[in-house]
Amino acid sequence: METQIAAQLRDFISSAYLFGDNSRMPADDDSLLETGILDSTGVLELIEFLEDRYGIAVEDTETVPANLGSIAGITRFVLLKSAQAAGAA
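Residue numbering for the sequence shown follows the working numbering, beginning at 5 and increasing consecutively.
Honestly, the hints are just simulated from the structure, not real lab data. All values derive from a computational prediction rather than experimental measurement. Glycine is no exception: its CB is placed at the ideal position from the N, C-alpha and C atoms. It cannot be assumed that every hint is accurate.
Restraint-style ranges between C-beta atoms, simulated for each label pair [said to hold, decoys possible]:
(1) Asp-25 / Ala-92: 37 to 45 Å
(2) Thr-65 / Asp-25: 29 to 37 Å
(3) Asp-33 / Ala-87: 17 to 25 Å
(4) Gly-91 / Arg-28: 16 to 24 Å
(5) Ala-76 / Asp-25: 30 to 38 Å
(6) Ser-27 / Ala-89: 34 to 42 Å
(7) Asp-25 / Val-47: 15 to 23 Å
(8) Phe-23 / Ala-87: 29 to 37 Å
(9) Asp-33 / Thr-67: 33 to 41 Å
Model the full assembly from the supplied sequences, consistent with the hints where possible.
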């Protein structure tokens, strides 16, 4: 599941922010903000993608670099939120 989510995130980042230029794809632990991939508008687009794709709700308090700052961080966040949603169901 983790590998699948990371791959889906890379595909989304490639099409939405890199316009298919995968040579600019950051490593999974690189900051998407510091590398210039994401800006404040990009974060909002990312949140919309996560909510639509994975059926999770991203709260304002969760929009921190640890959760949304890197591909690895986003992957962990999606897994955690998905597990919480499954536990609540």
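Hints versus structure:
no.	hint	result
1	Asp-25 / Ala-92: 37 to 45 Å	holds, 39 Å
2	Thr-65 / Asp-25: 29 to 37 Å	holds, 33 Å
3	Asp-33 / Ala-87: 17 to 25 Å	holds, 22 Å
4	Gly-91 / Arg-28: 16 to 24 Å	violated, 37 Å
5	Ala-76 / Asp-25: 30 to 38 Å	violated, 21 Å
6	Ser-27 / Ala-89: 34 to 42 Å	holds, 35 Å
7	Asp-25 / Val-47: 15 to 23 Å	holds, 20 Å
8	Phe-23 / Ala-87: 29 to 37 Å	holds, 33 Å
9	Asp-33 / Thr-67: 33 to 41 Å	violated, 19 Å
Comparing the model with each numbered hint stated earlier shows that hints 4, 5, 9 do not hold.
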